[in-house]
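Enquirer: Using the hints, put the two standalone chains together into the complex.
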Amino acid sequence: MSIVLEVKEVKKIYGVQNGGNSTVALDSISFIVEKGDFIGIMGPSGSGKTTLLNILSGIGKPSYGEVFIGGKNITSLDKNEMSLFRRQHLGFVFQEFNLMDSLTLKENIMLPMILDKKDKEQMEAKSEEIMKLFGINEIAGKYPYNISGGQQQRVAVSRALVNDPDIIFADEPTGNLDSKSSSAVMKCIARMNQERESTILMVTHDAFAASFCKKIIFIKDGAICMEIVSSGVRKAFFDQILDCLAIIGGERNDL
Amino acid sequence: MTFRDVTIKNFKRNVRNFSSYFMCSAFAITIFFLYASLLFNNSVREGTAEDVIRIVLILSLVALTLFSVFFINYAHSSFIKSRSKEFAIFMSLGMHKNDLQKLILLENLIISVSSLVAGIITGAVFSRLFQNIAIDLLDLKEVSYSFSAASFVVTAVVFTVIFAASQLISSVKVGKLDIADLMKDSRTQDNHAKKNDTILGLAGVGLVVASILFLVLISNHESLNTNPFMIISYILMSFTGIYMIIAHLGNTLIRFLKNKKFYYRHILSITEINHKFNQNKRVMFILSILSGVTIFLVASPFSLLQLSESIAERNKYDIEYISVTGVHTLGSGQLEQMMKQSGEPFKSITETSFLNLKMNLEGDKYDVLKSKPIISQDRYNLLTGEKVTVGAGEALNIITAWEPGSHGIDPGAAIAFTDGTQTFDFKVKSSYHGNWFATASSYPTSSGIVISNEDYKDMAAKIDGGAIGTHYGINFTDWKGTEGIVQRLKDALKATDKDGSGQWFAVSSKIDAYKELKNNYSLFVFITSLVGVLFFVAGGMVLYFKQYTEIGNAIVFFRKLYKIGISDREIRTVVSAELLITFFVPLLLGSLFGYSFIYLVTHVMSGSDILGEFMKNTTIVIAIYFLFQLSFYIITKRKYVQEVVRKLTSAS
Ligand SMILES: Nc1ncnc2c1ncn2[C@@H]1O[C@H](COP(=O)(O)OP(=O)(O)OP(=O)(O)O)[C@@H](O)[C@H]1O
Ligand SMILES: [Mg+2]
Numbered sequence: 005m006s007i008v009l010e011v012k013e014v015k016k017i018y019g020v021q022n023g024g025n026s027t028v029a030l031d032s033i034s035f036i037v038e039k040g041d042f043i044g045i046m047g048p049s050g051s052g053k054t055t056l057l058n059i060l061s062g063i064g065k066p067s068y069g070e071v072f073i074g075g076k077n078i079t080s081l082d083k084n085e086m087s088l089f090r091r092q093h094l095g096f097v098f099q100e101f102n103l104m105d106s107l108t109l110k111e112n113i114m115l116p117m118i119l120d121k122k123d124k125e126q127m128e129a130k131s132e133e134i135m136k137l138f139g140i141n142e143i144a145g146k147y148p149y150n151i152s153g154g155q156q157q158r159v160a161v162s163r164a165l166v167n168d169p170d171i172i173f174a175d176e177p178t179g180n181l182d183s184k185s186s187s188a189v190m191k192c193i194a195r196m197n198q199e200r201e202s203t204i205l206m207v208t209h210d211a212f213a214a215s216f217c218k219k220i221i222f223i224k225d226g227a228i229c230m231e232i233v234s235s236g237v238r239k240a241f242f243d244q245i246l247d248c249l250a251i252i253g254g255e256r257n258d259l
Numbered sequence: 002m003t004f005r006d007v008t009i010k011n012f013k014r015n016v017r018n019f020s021s022y023f024m025c026s027a028f029a030i031t032i033f034f035l036y037a038s039l040l041f042n043n044s045v046r047e048g049t050a051e052d053v054i055r056i057v058l059i060l061s062l063v064a065l066t067l068f069s070v071f072f073i074n075y076a077h078s079s080f081i082k083s084r085s086k087e088f089a090i091f092m093s094l095g096m097h098k099n100d101l102q103k104l105i106l107l108e109n110l111i112i113s114v115s116s117l118v119a120g121i122i123t124g125a126v127f128s129r130l131f132q133n134i135a136i137d138l139l140d141l142k143e144v145s146y147s148f149s150a151a152s153f154v155v156t157a158v159v160f161t162v163i164f165a166a167s168q169l170i171s172s173v174k175v176g177k178l179d180i181a182d183l184m185k186d187s188r189t190q191d192n193h194a195k196k197n198d199t200i201l202g203l204a205g206v207g208l209v210v211a212s213i214l215f216l217v218l219i220s221n222h223e224s225l226n227t228n229p230f231m232i233i234s235y236i237l238m239s240f241t242g243i244y245m246i247i248a249h250l251g252n253t254l255i256r257f258l259k260n261k262k263f264y265y266r267h268i269l270s271i272t273e274i275n276h277k278f279n280q281n282k283r284v285m286f287i288l289s290i291l292s293g294v295t296i297f298l299v300a301s302p303f304s305l306l307q308l309s310e311s312i313a314e315r316n317k318y319d320i321e322y323i324s325v326t327g328v329h330t331l332g333s334g335q336l337e338q339m340m341k342q343s344g345e346p347f348k349s350i351t352e353t354s355f356l357n358l359k360m361n362l363e364g365d366k367y368d369v370l371k372s373k374p375i376i377s378q379d380r381y382n383l384l385t386g387e388k389v390t391v392g393a394g395e396a397l398n399i400i401t402a403w404e405p406g407s408h409g410i411d412p413g414a415a416i417a418f419t420d421g422t423q424t425f426d427f428k429v430k431s432s433y434h435g436n437w438f439a440t441a442s443s444y445p446t447s448s449g450i451v452i453s454n455e456d457y458k459d460m461a462a463k464i465d466g467g468a469i470g471t472h473y474g475i476n477f478t479d480w481k482g483t484e485g486i487v488q489r490l491k492d493a494l495k496a497t498d499k500d501g502s503g504q505w506f507a508v509s510s511k512i513d514a515y516k517e518l519k520n521n522y523s524l525f526v527f528i529t530s531l532v533g534v535l536f537f538v539a540g541g542m543v544l545y546f547k548q549y550t551e552i553g554n555a556i557v558f559f560r561k562l563y564k565i566g567i568s569d570r571e572i573r574t575v576v577s578a579e580l581l582i583t584f585f586v587p588l589l590l591g592s593l594f595g596y597s598f599i600y601l602v603t604h605v606m607s608g609s610d611i612l613g614e615f616m617k618n619t620t621i622v623i624a625i626y627f628l629f630q631l632s633f634y635i636i637t638k639r640k641y642v643q644e645v646v647r648k649l650t651s652a653s
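Top to bottom, those sequences are chains E and H.
With this note's numbering applied, the first sequence corresponds to residues 5 to 259, in that order.
With this note's numbering applied, the second sequence corresponds to residues 2 to 653, in that order.
So that you can see chain H by itself, here it is in the shape it has in the complex (with noise of 0.2 Å):
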């Protein structure tokens, strides 16, 4: 019998271990690929060239590669590790740490090659028929199915590099390891709980706080809730945070409770947790991790679905215009004529005047004709509600974009606004977003402009009538009903329209408006909650393999304890705490992630009135997911608990 031989034998005794580490591999190239090939599907990418989408893309690969890192790092050591028996018997008996490694490559070639092609197969499989079922449901008209080979090149290189350095690591560990390391059980680490671990723990609390305070400090802020440096900060911040609570807190609670009577009552499952958390605590915080990104994941794109009805009667009116020199030029007795005919419960027509003049800055994208709207302190408080002062000689500038920044007018700096034949100068008071009489969409720029009263009352008198603009409000009863006259009023509208300059004042309406954000968010909806789903899932498979992982573990511990007299109650009452806790203190953790993520999102989209909405549908996407783990939790507890007390009684 050659060593060759021993190495196959031992092959076929190590089954389980292979197949678990292989399982895993594969499963995570599966989801990894069916990602990727998404990302890479040329409609998908000409369908999301808008940036925040193109981000969260990004971004969630960058999440799912950390995972496969983390996760396949964990396998790869979870099987090492539940061999170190067995090395260490080769050791003893002579084996050269070389031939040890040897080994152990060829064995982690053998299996990183057949997941690799395993797992990017039933991806390409899988992902055809995902694609076209997901397709088909949603109804994506502009996406189609298609392979690229993108995909396969990324999904190949990644997991090599995962791969490659998961050996490169276990190989300088063999490289270190010593015999008498090896034949102690995996559990002898030490339990100790040290002194600074009551420190440790404290200080993950309260950099957690912290982080969230921070967090709405920021979000709060205009010009903080972009800034990448301050989001890694806050990021860097609440993981670090999270992960001390849960390296450290249960030390820190053992300390408070022991020699308690509760601590007694309860010693085994406490103690049993405890040692549990010391030895997952990466697992606990990549499933916290994922958990908290499944649940912004999801929970995003369903609230902006949902709120589409409400973004858009964000609008100022149900249908609003702009009329200036030259165009919209509908008498307005002729406007109130064709409403009253439309059929639907017309309710009122607002018309507010304005200055429509040129100015002197470039302003940004938005600014095609670079003019402004202006109007005067007191009916812009009037129409809005606000309560803005503006001096002599000051503008304010009120942005309607929604992106953050101040769109090329800075405050402080010097404005001039002109008709053609006089200009007037006034400094930018300051630049926000806010609150402004019309929608935005009805005017070509990104900001409007407040003066004050008498500036306002000078410059009308002394400019071009032309320069003057009106703003047409329109209200229904009920918004729903109004596709057909907003098609008629645009019909009219164009055909007084001589020179084109019609096309950029568009007419603005809550069912236009509706009907295109339902469009545009449902590539998104659908990406993200692919995304999320698949982040769902892989937390699954971490738990799962987790779970088979320490079946072994968890017999050897409870036949010690079955010798002395417990009951299958009693192991299943001190299983169902561990996996209770394994199971929800990180999707615990993890809507702390999803509601932090949501809060900051909904203050970047600078939208507090939409926040209580999605904070709502934030709890629901967390109860739904809260319902799955039970099940989940209810399942794994049952086969968990009956493999264990099979195996404990029959070994007697």
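In isolation and in its complexed conformation, chain E is listed as follows (with noise of 0.2 Å):
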């Protein structure tokens, strides 16, 4: 199996340069990632779960270390390359799911691409393509404001699958919706994953949510704590999670 993403002794610091009390958001982090991992990152609020993961995606640096995505070490990226690498390389899907409100549900999905200056037929046969496997191509011509939430994060999913990208990168993609629509999304993206052997690395909060990785990396205080891998049975990895949250401290979340 081959590597997508290498992360090597990260480090954040925040508040060095304006003096006074630095926190230490990410302590010394190395974890690698495979195609096709679909890996969660659990831990208590504060733990440092979305710094890593702006790190990772290149919005945020590290104070110390390095992160390589398919075998480039994105750190030593300027802006603008790393916009580029962004939107040819990454997908991404956010807590507050991201859409533009001026585009129609087609034309969001189709944005990476638009960005990126692909010609129309390609676009127009991706997004049917991937509107089709998750069941919005009725929508399509909708804009996000008159969609319910969950089919927006359906939208966003769509989006992040768009330019086929190396690696995903999901910011508690439930965090804003009901249990329904959590597991409406979550299922697209269980299928992304399987269907399309897309590799996925997702924060959440949300042990129902987690229940669809393969994997789960637990964090606390900024560094690894501990890694649990699924049987393959989601009742059974869910109730392991649940006992490991007790173990570290983070929220409670029933079925």
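Calculated directly from the structure, the hints in this document are not laboratory data.
Treat the hints with caution; some may be incorrect.
[Stated by the list, open to error] Each computed DSS-like pair below joins lysine-lysine, with the alpha-carbon atoms no more than 30 Å apart:
{"no.": "1", "chain 1": "H", "residue 1": "Lys-13", "chain 2": "E", "residue 2": "Lys-121"}
{"no.": "2", "chain 1": "H", "residue 1": "Lys-103", "chain 2": "E", "residue 2": "Lys-124"}
{"no.": "3", "chain 1": "H", "residue 1": "Lys-13", "chain 2": "H", "residue 2": "Lys-103"}
{"no.": "4", "chain 1": "H", "residue 1": "Lys-428", "chain 2": "H", "residue 2": "Lys-463"}
{"no.": "5", "chain 1": "E", "residue 1": "Lys-65", "chain 2": "H", "residue 2": "Lys-561"}
{"no.": "6", "chain 1": "H", "residue 1": "Lys-259", "chain 2": "E", "residue 2": "Lys-136"}
{"no.": "7", "chain 1": "H", "residue 1": "Lys-648", "chain 2": "E", "residue 2": "Lys-121"}
{"no.": "8", "chain 1": "H", "residue 1": "Lys-638", "chain 2": "E", "residue 2": "Lys-83"}
{"no.": "9", "chain 1": "H", "residue 1": "Lys-561", "chain 2": "E", "residue 2": "Lys-39"}
{"no.": "10", "chain 1": "H", "residue 1": "Lys-519", "chain 2": "E", "residue 2": "Lys-124"}
{"no.": "11", "chain 1": "H", "residue 1": "Lys-481", "chain 2": "H", "residue 2": "Lys-463"}
{"no.": "12", "chain 1": "E", "residue 1": "Lys-136", "chain 2": "H", "residue 2": "Lys-261"}
{"no.": "13", "chain 1": "H", "residue 1": "Lys-561", "chain 2": "E", "residue 2": "Lys-83"}
[To be verified] Below, a sample of chain H positions facing chain E; criterion: calculated Cβ distance under 8 Å:
{"no.": "14", "residue": "Ser-270"}
{"no.": "15", "residue": "Glu-273"}
{"no.": "16", "residue": "Val-429"}
{"no.": "17", "residue": "Lys-564"}
{"no.": "18", "residue": "Glu-571"}
[Stated by the list, open to error] Here are some chain E residues the structure puts well away from chain H; computed CB gaps all over 12 Å:
{"no.": "19", "residue": "Ser-26"}
{"no.": "20", "residue": "Gly-50"}
{"no.": "21", "residue": "Lys-184"}
{"no.": "22", "residue": "Asp-247"}
A virtual CB, placed ideally from N, CA and C, is assigned to each residue, including glycine.
Expert: Encoded structure:
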């Protein structure tokens, strides 16, 4: 299996430049993600999950350490190279959906390709295919504020997928959704992993959402404290996650 | 902690919003006050007794008031909108709508009173400074600085009404508010290109084209071009058309473009611009009107001043005067002698005789002597190059006064001319502004009469010889040096004047006309250009305020894209395209207004021959305006992009 993402001794300290009280948000984190992985990152509030994800996706820079995606050291890229890299090699799903209100759903899905100046036929074909996969092709012409949160998130998932990214990052994708929509969105994401062999790294608080993953990394106070791997049975994995959360002091979230 | 503490804390957090609302209001008040103090300045009022100037001044005041209404209302509603989330939180925590309204009322009261005071104070300081500088600079001897209570009262009253109205509107709006609506983002308005948008957008274009045709039609009709009803219809038509273009043409274009390659390539710019249009149609509209009025107000006096020379050249001869019984009886040998001795390169003297008869009609204020100069058809055609034909018993009334209307001699009316003993009856064939063989000011009348050759011959034979007048037209190689000789001629003629009736028959000369025009226009030029500059500043202010209030939304917009991966350069492209449109579309539409108004005004002044000059000057003014706007655009773009990029990167 090829390595998609490699995190080497990443450390992030906030508040160094303005002196005074600095926070160590990440403390020497290292791990690797292989192609086809579906990894969940969990941990108590303030443990550094969002910070980690921002660094991995190039939105933030680490204070120390390196991040390789597809063999490329992204910590050495400048801002513009990074934004180009982001839209060509990475996919994103955010808690707050992040859809553009002025574009239709279909246009939103095409957006990464549009930014990349792909030709029209290719964009049409690709978005068509993905929307069918997630059952949203009927609402393609609508605008984001006219559809439900669950539908919006599925559109966001489709968008993350459209440019065949090396890896997809998801930050609390179910954070704004009720349990039914959560389930629909998580099924989409799981399907994306199974059918298209997409590599996914997802941060979540939600044990139910996490139970779709193949592997969970728990972090606490900026460091990895535990890893568990799914046996393939979701119910069992869910219970295992709850136990771990109880140990490290995360919130419990019953089914 | 009481609710009052919460309010105070809130106020502190919202300082940015409050201060921008305050600044805009104060600024609008300053501008208004500057203008009002000028309008109510006693010496300006006396110096602008002329109707046209008064009309322009009053129109500007109305336009400025309208602008203030729109602008303060806009500033007020953006202020309320920017705080909708906060209100939503209050309401969801169980705050009563009445309390919310009270809160808004209190805030508004503070802002309006303080901005009124601040605006009037800055206005007073500036108007003092401004008027003094302007008076010195332009050497307007007749204008002195004065403060009138009226300008304070008018400003205070107008703005109190505007503030009260805005307050009323927002309290009604708040009364109808729903928490759910408030929670929604301000962006989530309907973005759909509605079906009838296509039609409305095209209808707007159609209406504007129609209004232009209508304008051309009424401008070229003397009876229509000063008819207020026609002018108002024109203005309504073109304003509605422009508004429809602003509001709907974007959607129309998107409909046509949709799914084209070009559309996808520029999708962010296109949809964002269209969204901005939908959101800001009122602002764009205000800006179009502001720039149109600015162009008109600056271009027309500028042209007038520049045209003093060519208007003066519309005089038929360099120097001319009329000699009738007992008035200006200088022998023609003597005249020629004098001209030759003037030292100026003298060209020719043209003598034209005409009948100088009393008429039975009243005429108008110009007809002091109730008499008319009358010449025959052939002589008229020869001297003017026109080709009129007049039948027996008919009189053609050629109006020389610049004001519109028939001046008391209506087509079809019966008119009789007499030398005191004999009377001749005619019927007015038609009455229009036209080419006369002499310059209007040389004879005290609003018009001249052309009759058929036979009638003329008949009358000339019958009447008393004293009723035949002579018009002298003198030409030099260059009229600019004739000031001295004009004065000497006047003195010589005055010496021949025994009973004082010579005062009615002025010596008219290009040089005097030129001097007088320059003098008269300078005050007008000063005032209109001042108002033009005020409008220009107001336009800049609206743009600035708009960008300032929108930066928050822009950051939300770009943050989403930033996470997906958009480079600074692409952000710059989108921002540039959007700013380019907001800065220049209103200016383009405004130029259309500017040209149209100028076209109308030149026709009202019955000077189709000055149209070319006016249009040329208008084009120069527009070009300068574009240059100003361009630099303003470049500065704003740079600052705006910097701010957006800075906020985007600092957030992560
Ligand atoms: N911009 C910042 N400046 C300073 N400190 C920060 C900043 N962002 C995060 N932190 C701190 O870094 C630590 C990790 O924050 P982070 O947002 O990564 O946590 P998290 O695991 O995502 O928490 P949650 O589950 O609540 O979202 C926290 O202690 C936080 O206070
Ligand atoms: Mg977080």
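Enquirer: If a hint holds in the structure, say so; if it does not, say that too.
Expert: The hints, checked one at a time:
no., hint, in the structure
1, H/Lys-13 - E/Lys-121, "45 Å, violated"
2, H/Lys-103 - E/Lys-124, "55 Å, violated"
3, H/Lys-13 - H/Lys-103, "18 Å, holds"
4, H/Lys-428 - H/Lys-463, "20 Å, holds"
5, E/Lys-65 - H/Lys-561, "18 Å, holds"
6, H/Lys-259 - E/Lys-136, "22 Å, holds"
7, H/Lys-648 - E/Lys-121, "26 Å, holds"
8, H/Lys-638 - E/Lys-83, "21 Å, holds"
9, H/Lys-561 - E/Lys-39, "27 Å, holds"
10, H/Lys-519 - E/Lys-124, "64 Å, violated"
11, H/Lys-481 - H/Lys-463, "43 Å, violated"
12, E/Lys-136 - H/Lys-261, "23 Å, holds"
13, H/Lys-561 - E/Lys-83, "16 Å, holds"
14, Ser-270, "11 Å, violated"
15, Glu-273, "6 Å, holds"
16, Val-429, "66 Å, violated"
17, Lys-564, "6 Å, holds"
18, Glu-571, "7 Å, holds"
19, Ser-26, "17 Å, holds"
20, Gly-50, "17 Å, holds"
21, Lys-184, "21 Å, holds"
22, Asp-247, "34 Å, holds"
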